[in-house]
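Chemist: Chains as they are written, first to last, in this note's numbering: chain A, 1 to 401; chain B, 1 to 404.
No wet-lab data here; the hints were simulated from the structure. Incorrect hints may appear among the rest.
For lysine-lysine, the following DSSO-like pairs were computed, each having C-alpha atoms within a straight-line distance of at most 30 Å [to be verified]: (1) B:Lys327 - A:Lys231; (2) A:Lys85 - B:Lys4; (3) B:Lys279 - A:Lys119; (4) A:Lys370 - B:Lys194; (5) A:Lys200 - B:Lys224; (6) B:Lys219 - B:Lys4; (7) A:Lys231 - B:Lys194; (8) B:Lys118 - A:Lys196; (9) A:Lys196 - B:Lys194; (10) A:Lys249 - B:Lys219; (11) A:Lys200 - A:Lys119; (12) B:Lys118 - A:Lys48; (13) A:Lys370 - B:Lys224; (14) B:Lys363 - A:Lys90; (15) A:Lys196 - B:Lys287; (16) A:Lys56 - B:Lys279; (17) A:Lys336 - B:Lys230; (18) A:Lys200 - B:Lys4.
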Amino acid sequence: MSEPAFNGGVVLDCTEGIAGPYCTKLLADSGASVIKIEKPGDGDITRKMGPFLNDKPDIEKSGTFFYLNTNKRSITLNLESESGKSIFIKLLHNTNIIIENFTPGKMAAIGLSYETLTKIRPQIILTSISGFGQTGPYRDYQTSSLVTFGLSGAMFTSRPATDTSTRPVVEGGRQAEYITGLLSFIAIAAAMINTKDTGKGTWIDMSALECVASALGANIDEYSYLGLSRKTNPFAIHGYPIGYSVPCKDGWISLTPGLGGAPNIPLLIEKPELLDDPLFTKPAQRMADPKKFDDTLAPWLREHDKWEITRLAQELKMAFTPVLTPGELLDDEQLKAREFFVEAQHPVMGSVTYPGAPFKMSATPPRIGKAPLLGEDNESIYGGLGMSQKELVALKKQGII
Amino acid sequence: MDKKVFEGIKVLDFGWVIAGPLTLKYLADYGATVICLESTQHPDLLRTSAPFKENIPEVDNSGYFAYLAGNKYSITVDLKQCRGFEIAKKLVAWADVVADSHRPGVLESWGLDYEALKKINPSVILIRNSNQGQTGPAAQQPGLGNHINGLAGIVNMVGWPHQEPISMQVAYSDYVVPHFAAAVLIGALDYRRKTGKGQMLDISQLEVGLNLFSPNLIKYPGSKVDESLKGNSCDYAAPHGIFRCKGNDRWCAISVFTDEEWHDFCMAIGQPDLIKDAKFATVINRKNHENQLNELIEKWTSQYEPEEVMRLLQQAGVAAGIVENTKDLNEDTQLKERECFWTGEHPKLGRFSYLGQPSRLSKTPAMLYRNAPCLGEHTEYVCRELLGMSQDEFDACLMEGAFI
Chain A
1 MSEPAFNGGV
11 VLDCTEGIAG
21 PYCTKLLADS
31 GASVIKIEKP
41 GDGDITRKMG
51 PFLNDKPDIE
61 KSGTFFYLNT
71 NKRSITLNLE
81 SESGKSIFIK
91 LLHNTNIIIE
101 NFTPGKMAAI
111 GLSYETLTKI
121 RPQIILTSIS
131 GFGQTGPYRD
141 YQTSSLVTFG
151 LSGAMFTSRP
161 ATDTSTRPVV
171 EGGRQAEYIT
181 GLLSFIAIAA
191 AMINTKDTGK
201 GTWIDMSALE
211 CVASALGANI
221 DEYSYLGLSR
231 KTNPFAIHGY
241 PIGYSVPCKD
251 GWISLTPGLG
261 GAPNIPLLIE
271 KPELLDDPLF
281 TKPAQRMADP
291 KKFDDTLAPW
301 LREHDKWEIT
311 RLAQELKMAF
321 TPVLTPGELL
331 DDEQLKAREF
341 FVEAQHPVMG
351 SVTYPGAPFK
361 MSATPPRIGK
371 APLLGEDNES
381 IYGGLGMSQK
391 ELVALKKQGI
401 I
Chain B
1 MDKKVFEGIK
11 VLDFGWVIAG
21 PLTLKYLADY
31 GATVICLEST
41 QHPDLLRTSA
51 PFKENIPEVD
61 NSGYFAYLAG
71 NKYSITVDLK
81 QCRGFEIAKK
91 LVAWADVVAD
101 SHRPGVLESW
111 GLDYEALKKI
121 NPSVILIRNS
131 NQGQTGPAAQ
141 QPGLGNHING
151 LAGIVNMVGW
161 PHQEPISMQV
171 AYSDYVVPHF
181 AAAVLIGALD
191 YRRKTGKGQM
201 LDISQLEVGL
211 NLFSPNLIKY
221 PGSKVDESLK
231 GNSCDYAAPH
241 GIFRCKGNDR
251 WCAISVFTDE
261 EWHDFCMAIG
271 QPDLIKDAKF
281 ATVINRKNHE
291 NQLNELIEKW
301 TSQYEPEEVM
311 RLLQQAGVAA
321 GIVENTKDLN
331 EDTQLKEREC
341 FWTGEHPKLG
351 RFSYLGQPSR
361 LSKTPAMLYR
371 NAPCLGEHTE
381 YVCRELLGMS
391 QDEFDACLME
401 GAFI
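Take these sequences, add in the hints, and give me the full structure.
Modeler: This is how it looks when you write it as structure tokens:
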């Protein structure tokens, strides 16, 4: 029987929202044992984020929460109470990794600084995720996905190339938070290797701004040797060699005229008389008059659907691709063939299908599983610490668990 | 100084363009020995991609490549030449990890598929980055990262309602895939250490894109998908947008989620009367009157530069940030104070700086040890020092044209 890659790691997850939980989901899906610590009562804030089963807001029916918390166990614990803290310290003895996304300084304020934690558990890996990092002038600033994207340099050029005076637009889907979670995952993976080598712990200081700026603020290197600060996205310019969207019969396709020109386009659009037209044989000509280029293609594109266009273009060795909608993706043949979507049973939501791991590992396959109910694992985990049923009832009454 | 995290890990990289090489950049930045196997006949697409220093297109002049190949070694080998192929095989035997980011089938055509690699090095880890994975009906389709923007529906997530989608600033998946791939690779290295066994890793860019844009792709009885473009708005917050500020093309992002933040916001902009306005009293009311709300806010923001808007709002505890362009980002005080920029003196590009690895491990930080290599810069070093070839052997390979 093969085992998942990160089997053996025990993670205490004190985060909520998207970035932290996405990070620990990736760890849990890869085999780590993740104990999610939630606020007694409401739990993680994403339990209140839709989409909900039957459109009914309910902390056990959120699709967003489900996706972000697969394969974890949940306990409730109030870390700000003294007894909550001492329970946390008991849990620490079996823990390799702690992840938190409190405002910087809060862990120390409640008596759980990195120094304190290493005294109890020297090999601990503490991961602190925040908007701007644990130091620096923005340390105490507030942020959101939108604000992080704005500051990161990744949003400024996000507008139509034809009108650079328009308002920049954010990348949807709260990507700043997902990217921060992903980059925290890899930092933890590296730290785990380091701890196994040296026996020493580490403190990982993740800043959402730095994650997004370094991952997507990709033009920063140009500035250092060319002094270039772009106003618009080079990928959005019509007529350019790669990747801009044009309408077709049933939506949009990504048009890729290609670096070397697009000599086969007249065959695609059934106008062989244009085969020698410099608009198609000379990229410079196309880039000089993108409107003429687009207008020549438009009538044919409007009569054909995205998959037909893709198939015909691929046969002519042109890498056109359809712009797919979520509904179409759920039915996509390629994704089906790779068994990308996986299914888990949830006691309240029933059968839930969600995007699985985006990779295949031949020896250590990732896990498929559900998200926990709020406090679902209180009994087994607290029981494992030797706490009696009576104690648990009392702690629950006091709002500590 | 502590040992670097991946010191001693040996990687042979057949990969090219962005996603593959960026995966290994992570390991190289933390101390792994990464060798890019290149050829002067088919240089990496990035070596021939602008932006070039002074716009002179030469293989060692691309900033794109310089960014991705920092801390790595370069050897040029002709795989079609008998001695060249032998060197590649020696490197496979030397390596812990072999990396590939070509279209599925290319490695096979060289006779270096996973089974062949295992014969040379039984515990090798092979990591393969591709557009849509190594299997399935679309596996063989050629494609670049930006194609995934369309296929994964990512372009559908950026733009205004009822308008043409706006493309991402970058080939999005190219820049997120590497983090997934590197983490998975680290997992495989750990497993290999425990068991002595290698494995093959098959990473699909399409699937990575979808893993990051997921809540829309969850299906349960009665689920619906929301396919609308939302511009800068958010279902749970108002105001939530980009507001024009004083100056030319200057903007500030502002987001207000809770009613408490709304109070603080009204006080910060000096309009306490707004707190009492029922139209804006709750998130739902603010969402219902969002256009009016946005106009009102922009009237205020346009009197100030974005730095001032950010300062005033952040002082009051409201999330706000300048929409920074590349120049702003280079001058950002937070990034400067936290020493986020890595700077090298590249032999061709001169002073070259970029944002380093954002994962800060307190005791073993990543850093730029060595500039990106010129094409074939380490051919002799790799053959002589790492593979232990004698001078005569090396010279013979050179004479026979193995290193082109």
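Chemist: With reference to the structure, classify each hint as holding or not holding.
Modeler: For each hint, the structure was consulted:
The hinted pair formed by Lys327 of chain B and Lys231 of chain A meets the criterion: a straight-line CA distance of about 11 Å does not exceed 30 Å. For the suggested pair Lys85 of chain A and Lys4 of chain B, the alpha carbons sit about 34 Å apart, so the restraint of at most 30 Å is broken. For a cut-off of 30 Å, the pair hint linking Lys279 of chain B to Lys119 of chain A is broken: about 53 Å separates their Cα positions. For the hint linking Lys370 of chain A to Lys194 of chain B, the alpha-carbon distance of about 28 Å falls within 30 Å, and the restraint holds.
Restraint check for Lys200 of chain A and Lys224 of chain B: the C-alpha separation of about 48 Å exceeds 30 Å, so the hint is violated. Taking the CA atoms of Lys219 of chain B and Lys4 of chain B, the gap is near 43 Å; set against the 30 Å cutoff, the hint is violated. With a CA separation close to 50 Å, the supplied pair Lys231 of chain A and Lys194 of chain B exceeds the 30 Å bound. Pair hint Lys118 of chain B plus Lys196 of chain A holds up; C-alpha atoms about 27 Å apart against a cutoff of 30 Å.
Taking the CA atoms of Lys196 of chain A and Lys194 of chain B, the gap is about 11 Å. The hint holds against a cut of 30 Å. A distance of roughly 27 Å separates the Cα atoms of Lys249 of chain A and Lys219 of chain B; the hinted pair therefore holds under the 30 Å criterion. The straight-line distance between the Cα atoms of Lys200 of chain A and Lys119 of chain A is roughly 12 Å, inside the 30 Å bound, and the hint therefore holds. Only pairs whose Cα atoms come within 30 Å are accepted, and Lys118 of chain B paired with Lys48 of chain A is rejected, the gap being roughly 49 Å.
With a C-alpha separation of about 20 Å, the suggested pairing of Lys370 of chain A with Lys224 of chain B holds against the 30 Å cut-off. The hinted pair formed by Lys363 of chain B and Lys90 of chain A meets the criterion: a straight-line CA distance of about 26 Å does not exceed 30 Å. With a C-alpha separation of about 50 Å, the suggested pairing of Lys196 of chain A with Lys287 of chain B is violated against the 30 Å cut-off. Distance restraint check for Lys56 of chain A and Lys279 of chain B: the Cα-Cα separation of roughly 25 Å lies within the 30 Å cut-off, and the hinted pair is therefore satisfied.
Between Lys336 of chain A and Lys230 of chain B, the direct Cα distance comes to roughly 29 Å. Compliance with the 30 Å bound is thereby established for this hinted pair. Distance check on the hinted pair: Lys200 of chain A and Lys4 of chain B sit about 13 Å apart at the alpha-carbon level, within 30 Å; holds.
Going down the numbered hints, you'll see the structure goes against 2, 3, 5, 6, 7, 12 and 15, while the others check out.
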